Amino acid sequence: MVASVSSDEPKFLELLFSRRAILVALIVFVAIVALCALAPLIAPADPDKMSVRARLTPPGGDFLLGADAFGRDVASRLLYAGRVSLTIGLGVAAVSSLAGIVIGMTAGFFRRLDAPMSRLIDAMMAFPDILLAIALVAILGGSMVNVIIALSIVYTPRIARIVRASTLVIRELPYVEAARALGSSTWTIMTTHVLRNILSPIIVQATFIFAYAMLAEAGLSFLGVGVDPSTPTWGTMINEGRQYIDQAAFLILFPGLAISVSVLALQLIGDGLRDALDPRLAKDL
Amino acid sequence: MTRYILKRIVGMIVVIFLVLTIAFVIVRLAPGDPAALMLGPDATPEDTAALRTRLGLDQPILVQYLTFVGNAVRGDLGSSIFFNQPVVEVLAGRVEPTAFLSLFSLLISLVIATPIGIYAAYRRGSWLDQGAITAAMLAASIPSFWTGLMLQRYLATDLGWFPASGYGGPDADFFDRMGYLILPSIVLGIVNSALILRFTRASMLDILGEDYIRTARSKGMGEARVVLRHALKNAAIPIITVVGLTFALLVSGAVVTERVFNIPGMGNLVVGAVLRRDYPIIQGTLIVVATLYVVINLATDLLYLVVDKRVKY
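Those protein sequence lines, which keep their order, are chains A and B. Using numbering that gives the first Met the number 0, the first residue of the first sequence is number 0, and each one after it goes up by one. Using numbering that gives the first Met the number 0, the first residue of the second sequence is number 0, and each one after it goes up by one.
Just so you know, not all the hints are guaranteed correct.
Said to hold, decoys possible - Here are some of the chain B residues that sit facing chain A, going by a computed Cβ distance under 10 Å:
1) Gly10
2) Phe16
3) Thr20
4) Ile21
5) Ala29
6) Met136
7) Arg152
8) Asp157
9) Ile281
10) Leu291
11) Tyr292
Calculated directly from the structure, the hints in this document are not laboratory data. As the structure is a prediction and not an experimental result, all values here were calculated from the model. Heads up, the beta-carbon is just placed ideally off N, CA and C, and yes, glycines get one too.
Please take these sequences and the hints and turn them into a complete structure.
Encoded structure:
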């Protein structure tokens with residue numbers, strides 16, 4: 000699965016796209032993001048406009064992907080819902096990466112803090128992700144920001160654990176010792192020497208967390224404990240559509256496909272990034 | 000070895016203690032008064048004050064914490080506001096479907112994933128290998144509730160092969176009840192098999208490249224024997240690890256799957272508790288599940304000692 004490369008130092012992009020599936024995944028994902036971002040310009044209809052006569056209209060004709068139980072255009076709702084689902088995924092990936100870097104580097108760099116922080120990370124990881132997210136949203140209240148906070152709390156330990164392990168290795172390397180001997184401050188060493196060298200695994204993991212967070216958000220919305228039900232997300236669309244599954248299975252088919260294709264694309268991109276950023280990590284997983 | 004086991008048990012106790020602390024802190028993260036939130040906007044100030052006293056929220060935070068930990072250690076996780084019953088009793092009434100759903104789906108995922116993972120590694124690069132990797136990635140990308148809803152619609156409602164939802168009436172006997180778990184277990188089993196397949200394949204690939212496998216082959220040992228006896232035996236450790244780790248995945252999956260199939264398990268209980276703001280139930284479920292996870296992971300680590308005699312601690 001690892002690409003055959005011509006030179007000793009293969010170019011990043013050459014490695015990344017050596018598997019055609021990664022290129023396809025990237026194109027598909029960029030297309031999904033672009034379609035959702037441009038929703039106000041390209042959506043065929045107002046996503047909240049109801050029409051009793053159009054109730055449960057099957058796909059085709061005026062309604063490209065059909066109309067829901069309130070006669071709202073599914074295609075338009077799908078585009079607007081995607082903005083929320085993608086924002087949550089990206090938000091969680093960003094917040095958990097930042098928090099994970101701070102926690103992981105602190106644990107890896109300051110020996111006294113390592114044991115208590117590592118145990119805390121272990122304890123956080125003992126909670127199944129959806130269950131912990133449900134509990135946090137229940138306490139914080141259901142809004143987009145709170146879902147991002149809840150899922151970031153769930154995924155931060157994963158990044159923190161990787162950052163800690165990488166920091167432990169890098170802090171012992173000769174160039175870090177040399178920097179210390181030259182009088183660099185701990186802050187400079189941490190930001191310039193350590194952080195720069197652990198970015199690859201963080202970027203890879205953040206891509207996977209983007210994917211997991213989108214799945215988890217859909218799960219929370221499906222359970223009715225995610226964002227406010229009046230905000231369309233791909234998860235809430237499935238939840239609303241399930242009552243009509245016998246008459247109009249397309250209501251859950253399209254949002255389901257949107258989630259699955261986005262998550263699959265992100266996972267493929269994550270795999271590709273792992274192979275390209277650090278070929279030594281490129282295990283055949 | 001005894002020293003190692005003792006050290007691990009002490010480590011486990013520390014983590015469980017931290018799990019309790021996190022569960023305690025989560026409820027205190029609530030913006031405002033948890034008692035007022037639990038009772039909703041219609042509650043009178045007297046009711047709220049009574050609940051505050053009942054939950055010990057009028058005590059200093061340190062006293063609340065020590066009482067909470069002390070009670071939890073004795074197996075007292077508080078009382079449900081909605082059921083007006085100890086949390087432990089409410090949970091005990093909901094364990095059966097969740098436990099069997101998790102167990103059946105684990106068995107299904109092992110039956111699907113282990114042979115395919117082994118064969119994919121053995122035929123590395125073949126169309127079957129590529130197909131297996133793609134299928135595993137797909138299974139990990141599709142939301143389990145979506146698969147559940149689709150299979151429920153077509154296999155249960157349309158074809159009538161399985162009961163569509165529920166867990167039998169109050170008179171249903173054990174086998175009737177288990178019948179209701181078949182389709183949910185298949186759904187959860189498919190999702191869970193993705194991770195096990197990838198791990199089985201990866202660990203088999205590592206081992207098939209080892210010198211002793213080459214030696215076994217060069218001695219003229221049959222392929223089936225090389226793969227099944229030598230390679231699989233050594234690949235067992237990472238496979239056991241991942242089976243332990245999938246516990247968390249199974250519980251997460253069970254929460255959602257129970258909702259799809261309307262199974263009265265712990266998942267449905269906790270979602271209901273969120274909608275009713277029954278915080279003690281949420282807290283209790285978190286503690287029980289996380290503790291089980293920690294114990295199961297220690298058990299799988301110790302299982303290495305049995306599976307592989309070379310592992311010395």
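Which numbered hints fail = none
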